[in-house]
Amino acid sequence: MKKLLYVRSGPYELDFNNYNLQEIGLATAFCKKGYDCDVVYYSKENKDQLIKVGNNSIRILWRKGIKILRSGIYPQILNKDFLSQYDIVIVSEYSQIMSILISYLKKDVYLYNGPYYNLFKIPFVEKVYDKLFIGMLKKNVKKTFVKSELSKVYLDNKGLNDSLVIGVGLDIKKYEMENKVNEETKKLINKMINKRNLLYVGSLIERKNFGFLIKVFQKIKQTKNYKDLQLIIIGKGNKRYIDSCLIDLSSDEKKSVIIFDFIENGQLKNIYPLAEIFLLPSTQEIFGMVMLESMYFRTPVISSLNGGSGTLIKSGYNGIIENEFDITKWVNSTINLLENKEIRGKMGESAHETVKDKYLWDSICEKMIINMDASI
Numbered sequence: 007m008k009k010l011l012y013v014r015s016g017p018y019e020l021d022f023n024n025y026n027l028q029e030i031g032l033a034t035a036f037c038k039k040g041y042d043c044d045v046v047y048y049s050k051e052n053k054d055q056l057i058k059v060g061n062n063s064i065r066i067l068w069r070k071g072i073k074i075l076r077s078g079i080y081p082q083i084l085n086k087d088f089l090s091q092y093d094i095v096i097v098s099e100y101s102q103i104m105s106i107l108i109s110y111l112k113k114d115v116y117l118y119n120g121p122y123y124n125l126f127k128i129p130f131v132e133k134v135y136d137k138l139f140i141g142m143l144k145k146n147v148k149k150t151f152v153k154s155e156l157s158k159v160y161l162d163n164k165g166l167n168d169s170l171v172i173g174v175g176l177d178i179k180k181y182e183m184e185n186k187v188n189e190e191t192k193k194l195i196n197k198m199i200n201k202r203n204l205l206y207v208g209s210l211i212e213r214k215n216f217g218f219l220i221k222v223f224q225k226i227k228q229t230k231n232y233k234d235l236q237l238i239i240i241g242k243g244n245k246r247y248i249d250s251c252l253i254d255l256s257s258d259e260k261k262s263v264i265i266f267d268f269i270e271n272g273q274l275k276n277i278y279p280l281a282e283i284f285l286l287p288s289t290q291e292i293f294g295m296v297m298l299e300s301m302y303f304r305t306p307v308i309s310s311l312n313g314g315s316g317t318l319i320k321s322g323y324n325g326i327i328e329n330e331f332d333i334t335k336w337v338n339s340t341i342n343l344l345e346n347k348e349i350r351g352k353m354g355e356s357a358h359e360t361v362k363d364k365y366l367w368d369s370i371c372e373k374m375i376i377n378m379d380a381s382i
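So for the sequence shown, our numbering puts the first residue at 7; every next one is plus one.
Hints in this document: simulated from the structure, not taken from any laboratory.
SDA-like mimics (lysine to any residue), calculated; alpha carbons at most 20 angstroms apart, straight line: (1) K347 with H358; (2) K50 with E19; (3) K275 with R350; (4) K70 with N52; (5) K193 with F266.
All chains, full assembly: derive it from the sequences and hints.
In structure tokens form, the structure reads like this:
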């Protein structure tokens, strides 16, 4: 039986209900190819979790780690005996120390990188890291896969110039298994029906450009005076920041902004189809799983240029990319779509076909295996 290890090094605990976890989606696809997969996640306690996939299985290794800035280190798996049981090892992000250590200890290590901007936050740290470790990665990593065109350019500029853009996949099994509509979802559905809805899903923070989103919505309301138009927001943020973004709205405009802190990821299949347009004005977005989800459920996306949009969207065909944070341009694009149901329908269908044909995890896995075989 072939075995694969996928190490997610980021030192943050994840919630299955909150996220469409990329590692599990990719591991599931590898199981279908005959692999047993172990996936390492950061945790406050050591525990194992088993997921059966046909005749194969995913074992989630929740492991205590050492957190150094934004990097996680798992001493328990840093030995050759442990790593020798795996035919393939995938490590996440060039900037994670575990990518350096594991590729030094083990052959057949593949890097899967998403970021296209400095995650160290402090500029000189990135320069020092690159000086120390880029050479080691070039020597020890067998093949580098990247999630976006922007990520490829980012690594090319560092000298890691043999990467392959494969994108990110969507795991639709979670949606297929979610048959019951829960109470919180019903509350939101009741607010959306018989209305026209603009939708945003994600954190309410500056990097996601929440304040800009509110200004765009306000300008649309002021320009066209749509009585039935709502902005549906699913996500959390700092209350003071949220209040500061909403402060200039009139009382009527505020009534049209509906905020739900949380809807389970599997439940979103009931929400996306009720929205006319999905808006994603992030200043930085490694990929944007919510954009992938929205496209799959045929809701047209208007997005800033970011990792995901630059890879997924052919602007005007299966979505719209706005290259600038120009409120007038965002308003005009949104109004044009709102007022043309036929174009929205065609764009939504093209978006669905794009994801279905190229960006489910089975397709991503197939690209990886073909190029892993080629590099052996």
